[in-house]
Amino acid sequence: FSTIADQTPKDFSPLSTGHFYTSFQIFQNAILACLAFIKEDAKYVFQIQHDPRMKAELILCLLDSFEIYEQTFYATRLIRLGLQSIRDDELNFGIDASEGKSKLTIMLKQIEFYASVGQLTGLKSWKSARNNLESIDVLTIIKTRKRYSLAIDWFEIHGFEMDTADLLIELLIYAYSESNDYIPLKRLFQMFLDDPKSNNVIIITEKILNQTENLDLRTFLIDFLIQYHRKCGTYIMIDQYERHRLGIEMVRLLSRKMQPDYLDLIPIPLLIVEQLLMNSEIESLDRIINQCKLISADELVEKYAQKSVYMEIYDSNSFDGSDMTIISSDSSMITGKNVQPPFFIPQAIPSKDQWVSDTSKTHCMLCQIVRFGMINRRHHCRRCGRIVCNGCSSNSILIAEINPNIPVRYEFIGSTTTATIDEFKSSNTMEIIDR
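Using full-length UniProt numbering, the final residue of the sequence shown is 435, and nothing's skipped along the way.
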(Lines of atoms letter the chains of each structure in order from A; the text may use other names.)
(Lines give C-alpha, C1' and ligand atoms only; values in the text may rest on other atoms or scores of the structure.)
Protein backbone atom coordinates (compact mmCIF):
# COMPACT_ATOMS: atom_id res chain seq x y z
CA PHE A 1 0.00 0.00 0.00
CA SER A 2 2.98 2.31 -0.49
CA THR A 3 1.26 4.01 -3.43
CA ILE A 4 -1.61 4.97 -1.16
CA ALA A 5 0.67 6.45 1.48
CA ASP A 6 2.55 8.47 -1.16
CA GLN A 7 -0.59 10.30 -2.29
CA THR A 8 -0.89 13.94 -1.23
CA PRO A 9 -3.92 16.13 -0.66
CA LYS A 10 -3.46 17.86 -4.02
CA ASP A 11 -4.32 14.59 -5.77
CA PHE A 12 -7.87 14.67 -4.46
CA SER A 13 -10.79 16.95 -5.18
CA PRO A 14 -12.38 18.93 -2.33
CA LEU A 15 -15.40 17.29 -0.77
CA SER A 16 -18.86 18.77 -0.83
CA THR A 17 -18.41 19.71 2.84
CA GLY A 18 -15.48 21.95 1.92
CA HIS A 19 -12.82 19.69 3.51
CA PHE A 20 -9.88 18.11 1.73
CA TYR A 21 -8.82 14.49 1.77
CA THR A 22 -6.04 14.95 4.36
CA SER A 23 -2.83 13.00 4.83
CA PHE A 24 -4.26 11.63 8.07
CA GLN A 25 -7.24 10.20 6.22
CA ILE A 26 -4.90 8.59 3.69
CA PHE A 27 -2.93 6.99 6.50
CA GLN A 28 -6.10 5.91 8.28
CA ASN A 29 -7.43 4.27 5.12
CA ALA A 30 -4.13 2.45 4.61
CA ILE A 31 -4.33 0.99 8.12
CA LEU A 32 -7.92 -0.14 7.53
CA ALA A 33 -6.83 -1.81 4.31
CA CYS A 34 -4.07 -3.69 6.14
CA LEU A 35 -6.49 -4.80 8.84
CA ALA A 36 -8.89 -6.15 6.21
CA PHE A 37 -6.19 -8.52 4.97
CA ILE A 38 -4.66 -9.35 8.34
CA LYS A 39 -8.03 -10.12 9.94
CA GLU A 40 -9.51 -11.51 6.69
CA ASP A 41 -12.55 -9.36 7.35
CA ALA A 42 -14.13 -7.05 4.77
CA LYS A 43 -15.78 -4.85 7.42
CA TYR A 44 -12.60 -2.74 7.60
CA VAL A 45 -12.92 -1.94 3.89
CA PHE A 46 -16.32 -0.36 4.45
CA GLN A 47 -14.84 1.95 7.12
CA ILE A 48 -12.59 3.58 4.53
CA GLN A 49 -13.73 7.14 3.91
CA HIS A 50 -13.73 9.42 0.88
CA ASP A 51 -11.98 6.95 -1.46
CA PRO A 52 -14.41 4.80 -3.50
CA ARG A 53 -11.70 3.76 -5.95
CA MET A 54 -9.61 2.31 -3.13
CA LYS A 55 -12.65 0.45 -1.77
CA ALA A 56 -13.29 -1.15 -5.15
CA GLU A 57 -9.68 -2.24 -5.62
CA LEU A 58 -9.50 -3.71 -2.11
CA ILE A 59 -12.72 -5.67 -2.65
CA LEU A 60 -11.31 -7.14 -5.85
CA CYS A 61 -8.11 -8.09 -3.99
CA LEU A 62 -10.11 -9.76 -1.22
CA LEU A 63 -12.03 -11.85 -3.78
CA ASP A 64 -8.80 -13.27 -5.19
CA SER A 65 -7.08 -13.72 -1.82
CA PHE A 66 -9.41 -15.66 0.43
CA GLU A 67 -10.99 -19.09 0.03
CA ILE A 68 -14.35 -18.07 1.43
CA TYR A 69 -15.01 -15.96 -1.65
CA GLU A 70 -14.80 -18.99 -3.91
CA GLN A 71 -18.40 -19.48 -2.84
CA THR A 72 -20.66 -17.51 -5.14
CA PHE A 73 -22.95 -16.33 -2.34
CA TYR A 74 -20.18 -14.67 -0.31
CA ALA A 75 -18.44 -13.25 -3.37
CA THR A 76 -21.55 -11.61 -4.80
CA ARG A 77 -22.65 -10.35 -1.38
CA LEU A 78 -19.26 -8.66 -0.87
CA ILE A 79 -19.51 -6.89 -4.22
CA ARG A 80 -23.09 -5.74 -3.65
CA LEU A 81 -22.19 -4.34 -0.22
CA GLY A 82 -19.22 -2.61 -1.82
CA LEU A 83 -21.40 -1.06 -4.51
CA GLN A 84 -23.81 0.23 -1.89
CA SER A 85 -20.96 1.73 0.17
CA ILE A 86 -19.50 3.45 -2.90
CA ARG A 87 -22.88 4.89 -3.84
CA ASP A 88 -23.20 6.28 -0.31
CA ASP A 89 -19.80 8.01 -0.69
CA GLU A 90 -20.96 9.41 -4.00
CA LEU A 91 -24.16 10.83 -2.51
CA ASN A 92 -22.77 12.04 0.82
CA PHE A 93 -19.50 13.57 -0.33
CA GLY A 94 -20.09 14.36 -4.00
CA ILE A 95 -17.21 12.12 -5.08
CA ASP A 96 -17.01 10.73 -8.62
CA ALA A 97 -17.30 6.98 -8.01
CA SER A 98 -17.94 5.86 -11.61
CA GLU A 99 -14.62 4.03 -11.96
CA GLY A 100 -15.08 1.99 -8.79
CA LYS A 101 -18.70 1.15 -9.60
CA SER A 102 -17.74 0.06 -13.10
CA LYS A 103 -15.03 -2.31 -11.85
CA LEU A 104 -17.29 -3.93 -9.27
CA THR A 105 -20.22 -4.24 -11.68
CA ILE A 106 -18.05 -6.02 -14.26
CA MET A 107 -16.68 -8.34 -11.59
CA LEU A 108 -20.18 -9.14 -10.34
CA LYS A 109 -21.23 -10.08 -13.86
CA GLN A 110 -18.15 -12.30 -14.26
CA ILE A 111 -18.80 -14.14 -11.00
CA GLU A 112 -22.43 -14.82 -11.86
CA PHE A 113 -21.45 -15.93 -15.37
CA TYR A 114 -18.71 -18.34 -14.29
CA ALA A 115 -20.90 -19.65 -11.48
CA SER A 116 -23.51 -20.62 -14.09
CA VAL A 117 -20.89 -22.22 -16.34
CA GLY A 118 -19.44 -24.05 -13.35
CA GLN A 119 -22.83 -25.56 -12.58
CA LEU A 120 -23.12 -26.80 -16.17
CA THR A 121 -19.72 -28.50 -16.02
CA GLY A 122 -19.74 -29.79 -12.45
CA LEU A 123 -16.93 -27.49 -11.30
CA LYS A 124 -17.12 -26.58 -7.63
CA SER A 125 -16.75 -22.80 -7.83
CA TRP A 126 -16.83 -19.81 -10.14
CA LYS A 127 -13.07 -19.48 -9.66
CA SER A 128 -12.50 -23.01 -10.91
CA ALA A 129 -14.55 -22.29 -14.02
CA ARG A 130 -12.73 -19.00 -14.66
CA ASN A 131 -9.26 -20.41 -14.12
CA ASN A 132 -9.60 -23.80 -15.83
CA LEU A 133 -11.79 -23.24 -18.90
CA GLU A 134 -10.56 -21.76 -22.16
CA SER A 135 -12.81 -19.50 -24.21
CA ILE A 136 -13.62 -22.23 -26.72
CA ASP A 137 -14.51 -24.59 -23.86
CA VAL A 138 -16.95 -22.09 -22.35
CA LEU A 139 -18.70 -21.36 -25.65
CA THR A 140 -18.89 -25.04 -26.57
CA ILE A 141 -20.54 -25.78 -23.22
CA ILE A 142 -23.08 -23.00 -23.84
CA LYS A 143 -23.89 -24.42 -27.27
CA THR A 144 -24.10 -28.03 -26.11
CA ARG A 145 -26.39 -27.18 -23.19
CA LYS A 146 -28.36 -24.63 -25.26
CA ARG A 147 -27.93 -21.97 -22.58
CA TYR A 148 -27.77 -19.26 -25.22
CA SER A 149 -28.47 -16.35 -22.86
CA LEU A 150 -25.04 -16.93 -21.32
CA ALA A 151 -23.51 -16.01 -24.69
CA ILE A 152 -24.80 -12.45 -24.23
CA ASP A 153 -23.09 -12.26 -20.82
CA TRP A 154 -19.87 -13.60 -22.33
CA PHE A 155 -20.03 -11.03 -25.13
CA GLU A 156 -20.56 -8.17 -22.66
CA ILE A 157 -17.59 -9.35 -20.57
CA HIS A 158 -15.07 -10.36 -23.24
CA GLY A 159 -16.33 -9.05 -26.59
CA PHE A 160 -15.14 -10.83 -29.73
CA GLU A 161 -11.99 -12.92 -29.74
CA MET A 162 -10.40 -13.96 -33.02
CA ASP A 163 -10.38 -17.71 -32.33
CA THR A 164 -14.00 -17.96 -31.18
CA ALA A 165 -15.74 -15.17 -33.12
CA ASP A 166 -17.68 -17.47 -35.48
CA LEU A 167 -19.03 -19.65 -32.67
CA LEU A 168 -19.95 -16.60 -30.59
CA ILE A 169 -21.86 -15.05 -33.52
CA GLU A 170 -23.90 -18.23 -33.89
CA LEU A 171 -24.68 -18.30 -30.17
CA LEU A 172 -25.63 -14.62 -30.11
CA ILE A 173 -28.08 -15.13 -32.97
CA TYR A 174 -29.82 -17.88 -31.02
CA ALA A 175 -29.63 -15.93 -27.75
CA TYR A 176 -31.23 -12.71 -28.99
CA SER A 177 -33.87 -14.58 -30.98
CA GLU A 178 -34.68 -16.67 -27.91
CA SER A 179 -35.47 -13.49 -26.00
CA ASN A 180 -37.19 -12.04 -29.09
CA ASP A 181 -34.90 -9.00 -28.90
CA TYR A 182 -33.73 -8.24 -32.43
CA ILE A 183 -32.60 -4.64 -31.87
CA PRO A 184 -29.10 -5.50 -30.50
CA LEU A 185 -28.84 -8.27 -33.08
CA LYS A 186 -29.65 -5.76 -35.83
CA ARG A 187 -26.90 -3.44 -34.57
CA LEU A 188 -24.50 -6.36 -34.49
CA PHE A 189 -25.35 -7.41 -38.04
CA GLN A 190 -25.06 -3.84 -39.29
CA MET A 191 -21.51 -3.87 -38.01
CA PHE A 192 -20.88 -7.06 -39.97
CA LEU A 193 -22.50 -5.59 -43.07
CA ASP A 194 -19.99 -2.74 -43.03
CA ASP A 195 -17.09 -5.18 -42.63
CA PRO A 196 -15.55 -6.27 -45.96
CA LYS A 197 -14.48 -9.53 -44.29
CA SER A 198 -18.00 -10.66 -43.49
CA ASN A 199 -18.03 -13.90 -45.50
CA ASN A 200 -17.99 -16.03 -42.37
CA VAL A 201 -21.04 -14.21 -41.04
CA ILE A 202 -22.92 -14.95 -44.27
CA ILE A 203 -22.03 -18.64 -44.03
CA ILE A 204 -23.18 -18.77 -40.40
CA THR A 205 -26.39 -16.93 -41.25
CA GLU A 206 -27.25 -19.31 -44.10
CA LYS A 207 -26.50 -22.30 -41.89
CA ILE A 208 -28.86 -21.12 -39.13
CA LEU A 209 -31.49 -20.14 -41.70
CA ASN A 210 -31.69 -23.77 -42.83
CA GLN A 211 -31.78 -25.14 -39.28
CA THR A 212 -34.03 -22.92 -37.18
CA GLU A 213 -37.78 -23.42 -36.83
CA ASN A 214 -38.22 -19.88 -35.49
CA LEU A 215 -40.07 -17.99 -38.25
CA ASP A 216 -39.24 -14.57 -36.76
CA LEU A 217 -35.56 -15.45 -36.80
CA ARG A 218 -35.82 -16.74 -40.36
CA THR A 219 -37.39 -13.46 -41.45
CA PHE A 220 -34.66 -11.46 -39.73
CA LEU A 221 -31.91 -13.52 -41.34
CA ILE A 222 -33.56 -13.32 -44.77
CA ASP A 223 -33.76 -9.52 -44.53
CA PHE A 224 -30.08 -9.36 -43.59
CA LEU A 225 -29.05 -11.64 -46.48
CA ILE A 226 -31.12 -9.63 -48.97
CA GLN A 227 -29.54 -6.42 -47.70
CA TYR A 228 -26.08 -7.96 -47.99
CA HIS A 229 -26.55 -9.31 -51.52
CA ARG A 230 -28.17 -6.07 -52.65
CA LYS A 231 -25.05 -4.26 -51.48
CA CYS A 232 -22.89 -6.80 -53.34
CA GLY A 233 -25.08 -6.69 -56.46
CA THR A 234 -25.80 -10.44 -56.51
CA TYR A 235 -29.42 -10.20 -57.65
CA ILE A 236 -29.81 -13.93 -58.35
CA MET A 237 -29.40 -14.57 -54.64
CA ILE A 238 -31.88 -11.80 -53.86
CA ASP A 239 -34.53 -13.57 -55.96
CA GLN A 240 -33.82 -16.82 -54.11
CA TYR A 241 -34.23 -15.21 -50.71
CA GLU A 242 -37.36 -13.34 -51.80
CA ARG A 243 -38.91 -16.73 -52.59
CA HIS A 244 -37.78 -17.97 -49.19
CA ARG A 245 -39.46 -14.98 -47.53
CA LEU A 246 -42.66 -15.70 -49.45
CA GLY A 247 -42.53 -19.26 -48.13
CA ILE A 248 -42.19 -17.94 -44.58
CA GLU A 249 -45.23 -15.69 -44.98
CA MET A 250 -47.25 -18.59 -46.38
CA VAL A 251 -46.37 -20.88 -43.46
CA ARG A 252 -47.16 -18.10 -40.96
CA LEU A 253 -50.75 -18.16 -42.18
CA LEU A 254 -51.14 -21.85 -41.39
CA SER A 255 -52.34 -23.04 -38.01
CA ARG A 256 -49.64 -23.70 -35.40
CA LYS A 257 -50.47 -27.38 -35.57
CA MET A 258 -49.82 -27.48 -39.30
CA GLN A 259 -46.71 -25.28 -39.42
CA PRO A 260 -44.10 -27.91 -38.41
CA ASP A 261 -45.11 -30.10 -41.39
CA TYR A 262 -44.32 -27.31 -43.85
CA LEU A 263 -41.09 -25.84 -42.47
CA ASP A 264 -38.86 -27.86 -44.79
CA LEU A 265 -40.81 -26.62 -47.81
CA ILE A 266 -40.34 -22.92 -47.06
CA PRO A 267 -37.47 -22.34 -49.56
CA ILE A 268 -39.72 -23.57 -52.42
CA PRO A 269 -43.20 -22.02 -52.05
CA LEU A 270 -44.52 -24.11 -54.96
CA LEU A 271 -44.08 -27.22 -52.83
CA ILE A 272 -46.19 -25.64 -50.07
CA VAL A 273 -49.00 -25.14 -52.57
CA GLU A 274 -48.56 -28.70 -53.83
CA GLN A 275 -48.62 -30.16 -50.34
CA LEU A 276 -51.70 -28.16 -49.33
CA LEU A 277 -53.56 -29.33 -52.42
CA MET A 278 -52.51 -32.94 -51.86
CA ASN A 279 -53.72 -32.75 -48.26
CA SER A 280 -56.98 -31.12 -49.37
CA GLU A 281 -56.19 -28.06 -47.24
CA ILE A 282 -58.10 -25.81 -49.61
CA GLU A 283 -59.25 -23.46 -46.85
CA SER A 284 -55.66 -22.87 -45.72
CA LEU A 285 -54.54 -22.27 -49.28
CA ASP A 286 -57.39 -19.84 -49.83
CA ARG A 287 -56.39 -17.94 -46.68
CA ILE A 288 -52.80 -17.71 -47.91
CA ILE A 289 -53.84 -16.30 -51.28
CA ASN A 290 -56.29 -13.80 -49.79
CA GLN A 291 -54.19 -12.59 -46.86
CA CYS A 292 -50.76 -12.55 -48.44
CA LYS A 293 -52.03 -10.23 -51.18
CA LEU A 294 -49.06 -11.33 -53.25
CA ILE A 295 -49.28 -11.89 -56.98
CA SER A 296 -46.50 -14.42 -56.52
CA ALA A 297 -48.80 -16.70 -54.53
CA ASP A 298 -51.45 -16.56 -57.28
CA GLU A 299 -48.79 -17.39 -59.84
CA LEU A 300 -47.70 -20.39 -57.79
CA VAL A 301 -51.24 -21.78 -57.73
CA GLU A 302 -51.68 -21.15 -61.46
CA LYS A 303 -48.37 -22.83 -62.23
CA TYR A 304 -49.24 -25.84 -60.12
CA ALA A 305 -52.72 -26.09 -61.63
CA GLN A 306 -51.19 -26.29 -65.10
CA LYS A 307 -48.78 -28.92 -63.88
CA SER A 308 -51.43 -31.05 -62.17
CA VAL A 309 -53.82 -31.24 -65.14
CA TYR A 310 -51.12 -32.14 -67.65
CA MET A 311 -52.01 -35.30 -69.57
CA GLU A 312 -50.24 -37.38 -72.20
CA ILE A 313 -52.14 -39.38 -74.81
CA TYR A 314 -50.53 -42.46 -76.31
CA ASP A 315 -51.39 -44.58 -79.29
CA SER A 316 -53.52 -47.43 -77.97
CA ASN A 317 -51.91 -49.76 -80.49
CA SER A 318 -48.61 -49.37 -78.66
CA PHE A 319 -49.84 -51.50 -75.74
CA ASP A 320 -51.73 -54.73 -75.39
CA GLY A 321 -53.49 -53.58 -72.19
CA SER A 322 -51.59 -55.68 -69.65
CA ASP A 323 -49.75 -54.07 -66.75
CA MET A 324 -46.73 -56.23 -67.44
CA THR A 325 -46.50 -55.04 -71.02
CA ILE A 326 -46.80 -51.38 -70.01
CA ILE A 327 -44.09 -51.62 -67.38
CA SER A 328 -41.76 -53.54 -69.63
CA SER A 329 -42.38 -51.39 -72.69
CA ASP A 330 -39.67 -49.30 -74.25
CA SER A 331 -39.53 -45.92 -72.52
CA SER A 332 -39.27 -44.20 -75.88
CA MET A 333 -42.97 -44.87 -76.47
CA ILE A 334 -43.79 -42.88 -73.33
CA THR A 335 -41.24 -40.13 -73.11
CA GLY A 336 -40.44 -39.70 -76.77
CA LYS A 337 -36.74 -40.21 -75.98
CA ASN A 338 -34.29 -42.91 -76.81
CA VAL A 339 -33.84 -45.87 -74.48
CA GLN A 340 -31.53 -44.94 -71.64
CA PRO A 341 -28.34 -46.94 -71.11
CA PRO A 342 -28.28 -49.51 -68.27
CA PHE A 343 -28.17 -48.01 -64.79
CA PHE A 344 -25.83 -49.44 -62.18
CA ILE A 345 -26.03 -48.86 -58.43
CA PRO A 346 -23.19 -46.60 -57.27
CA GLN A 347 -20.78 -48.24 -54.86
CA ALA A 348 -20.96 -45.35 -52.37
CA ILE A 349 -24.22 -43.99 -50.99
CA PRO A 350 -24.62 -40.50 -52.51
CA SER A 351 -25.01 -37.44 -50.31
CA LYS A 352 -28.13 -35.29 -50.44
CA ASP A 353 -26.27 -32.76 -52.58
CA GLN A 354 -25.71 -35.49 -55.16
CA TRP A 355 -29.37 -36.47 -55.45
CA VAL A 356 -31.19 -35.87 -58.70
CA SER A 357 -32.83 -32.43 -58.62
CA ASP A 358 -36.60 -32.28 -58.03
CA THR A 359 -37.16 -30.09 -61.04
CA SER A 360 -35.02 -32.08 -63.46
CA LYS A 361 -37.41 -35.02 -63.87
CA THR A 362 -41.10 -35.11 -64.73
CA HIS A 363 -41.45 -38.93 -64.76
CA CYS A 364 -40.41 -41.77 -62.48
CA MET A 365 -36.83 -42.69 -63.34
CA LEU A 366 -37.51 -46.39 -62.74
CA CYS A 367 -40.74 -47.29 -64.50
CA GLN A 368 -40.60 -44.13 -66.66
CA ILE A 369 -44.39 -44.19 -66.87
CA VAL A 370 -45.73 -42.27 -63.88
CA ARG A 371 -45.72 -38.51 -64.33
CA PHE A 372 -45.26 -36.55 -61.13
CA GLY A 373 -48.05 -34.19 -60.15
CA MET A 374 -50.71 -33.53 -57.53
CA ILE A 375 -51.50 -37.23 -57.11
CA ASN A 376 -48.15 -38.80 -57.90
CA ARG A 377 -45.45 -37.53 -55.56
CA ARG A 378 -41.70 -37.69 -55.99
CA HIS A 379 -39.57 -39.87 -53.71
CA HIS A 380 -35.80 -39.82 -53.54
CA CYS A 381 -33.81 -43.03 -53.31
CA ARG A 382 -31.08 -42.69 -50.70
CA ARG A 383 -29.09 -45.50 -52.24
CA CYS A 384 -28.78 -44.04 -55.72
CA GLY A 385 -30.26 -40.54 -55.47
CA ARG A 386 -32.79 -41.06 -58.25
CA ILE A 387 -36.41 -39.83 -58.22
CA VAL A 388 -39.08 -42.53 -58.34
CA CYS A 389 -42.83 -42.84 -57.85
CA ASN A 390 -44.71 -44.38 -54.94
CA GLY A 391 -45.49 -47.57 -56.85
CA CYS A 392 -41.82 -48.24 -57.40
CA SER A 393 -41.02 -47.90 -53.71
CA SER A 394 -43.78 -49.75 -51.90
CA ASN A 395 -41.74 -52.41 -50.05
CA SER A 396 -39.91 -52.13 -46.72
CA ILE A 397 -36.65 -53.59 -45.52
CA LEU A 398 -33.94 -53.02 -42.93
CA ILE A 399 -30.76 -51.44 -44.28
CA ALA A 400 -28.04 -51.56 -41.66
CA GLU A 401 -25.91 -48.81 -43.17
CA ILE A 402 -28.78 -46.33 -42.88
CA ASN A 403 -30.85 -47.52 -39.93
CA PRO A 404 -30.50 -51.00 -38.45
CA ASN A 405 -33.73 -50.73 -36.46
CA ILE A 406 -36.36 -49.11 -38.68
CA PRO A 407 -37.58 -50.66 -41.96
CA VAL A 408 -37.50 -48.25 -44.88
CA ARG A 409 -39.08 -48.15 -48.31
CA TYR A 410 -36.92 -49.05 -51.25
CA GLU A 411 -36.92 -49.32 -55.03
CA PHE A 412 -35.74 -52.13 -57.25
CA ILE A 413 -32.89 -51.53 -59.66
CA GLY A 414 -32.12 -54.21 -62.18
CA SER A 415 -29.52 -54.27 -64.91
CA THR A 416 -31.68 -52.16 -67.22
CA THR A 417 -34.02 -49.20 -66.88
CA THR A 418 -37.15 -51.39 -67.02
CA ALA A 419 -38.48 -53.97 -64.59
CA THR A 420 -41.53 -56.12 -63.97
CA ILE A 421 -43.94 -55.82 -61.08
CA ASP A 422 -42.68 -59.11 -59.61
CA GLU A 423 -39.15 -57.74 -59.63
CA PHE A 424 -40.35 -54.63 -57.81
CA LYS A 425 -41.85 -56.76 -55.05
CA SER A 426 -38.91 -59.13 -54.64
CA SER A 427 -36.10 -56.58 -54.52
CA ASN A 428 -34.48 -55.44 -51.28
CA THR A 429 -31.72 -53.11 -52.32
CA MET A 430 -33.02 -49.59 -51.95
CA GLU A 431 -34.33 -47.06 -49.44
CA ILE A 432 -36.78 -44.36 -50.47
CA ILE A 433 -37.60 -41.25 -48.48
CA ASP A 434 -39.95 -38.38 -49.23
CA ARG A 435 -38.36 -35.26 -50.53
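Hints are supplied without guarantee of correctness; some may be wrong.
[Unchecked claim] Calculated cross-link-like contacts (lysine to aspartate or glutamate; reagent style DMTMM-like; alpha-carbon spacing at most 20 Å):
id, residue 1, residue 2
1, K103, E170
2, K186, D166
3, K231, E213
4, K143, E161
5, K109, E156
6, K124, E112
7, K186, E170
8, K146, E156
9, K109, E161
10, K124, E156
11, K186, E156
[Unchecked claim] Per label pair, the in silico range of CB-to-CB distance:
id, residue 1, residue 2, range
12, N200, D264, 21 to 31 Å
13, F73, I157, 37 to 47 Å
14, L215, M191, 18 to 28 Å
15, G233, N279, 37 to 47 Å
16, S255, E67, 51 to 61 Å
17, S65, P267, 31 to 41 Å
18, F73, P267, 44 to 54 Å
It is worth saying that the hints were derived from the structure and are not from the lab. Don't be surprised by glycine CBs; every beta carbon is placed ideally from N, CA and C.
Outcome of the hint check:
1. A hinted pair counts as satisfied when its Cα atoms are at most 20 Å apart, and K103 with E170 does not qualify at roughly 29 Å.
2. As the CA atoms of K186 and D166 are separated by approximately 17 Å, the hinted pair is consistent with the 20 Å bound.
3. Restraint check: the Cα-Cα separation between K231 and E213 comes to about 27 Å, which exceeds 20 Å; the hinted pair is violated.
4. Restraint check for K143 and E161: the C-alpha separation of about 17 Å stays at or below 20 Å, so the hint holds.
5. A threshold of 20 Å between alpha carbons decides the hint, and for K109 with E156 the separation of about 9 Å falls inside it, so the pair holds.
6. Pair hint K124 plus E112 holds up; C-alpha atoms about 14 Å apart against a cutoff of 20 Å.
7. Under the criterion of a C-alpha separation no larger than 20 Å, the hint pairing K186 with E170 is consistent with the structure, at around 14 Å.
8. Using a Cα cut-off of 20 Å, the hinted pair K146 and E156 holds, with the two alpha carbons roughly 18 Å apart.
9. Note on K109 and E161: the hinted pairing holds, with a Cα-Cα distance of about 19 Å set against a maximum of 20 Å.
10. Of the supplied pair hints, the one linking K124 and E156 is violated, its CA atoms being roughly 24 Å apart against a limit of 20 Å.
11. Distance restraint check for K186 and E156: the Cα-Cα separation of roughly 16 Å lies within the 20 Å cut-off, and the hinted pair is therefore satisfied.
12. Separated by about 26 Å at the C-beta atoms, N200 and D264 satisfy the suggested range of 21 to 31 Å.
13. Roughly 20 Å separates the CB atoms of F73 and I157, a value that falls outside the hinted 37 to 47 Å.
14. Checked against the hint of 18 to 28 Å, the C-beta distance between L215 and M191 comes to roughly 25 Å, which is consistent with it.
15. In this structure the hint that G233 and N279 lie 37 to 47 Å apart at CB holds, the actual value being about 40 Å.
16. A beta carbon spacing of about 58 Å between S255 and E67 agrees with the range 51 to 61 Å that was offered as a hint.
17. In this structure the hint that S65 and P267 lie 31 to 41 Å apart at CB is violated, the actual value being about 58 Å.
18. At about 50 Å, the beta-carbon gap between F73 and P267 stays in the expected band of 44 to 54 Å.
Hint compliance for this structure: hints 1, 3, 10, 13 and 17 are broken, all remaining hints hold.
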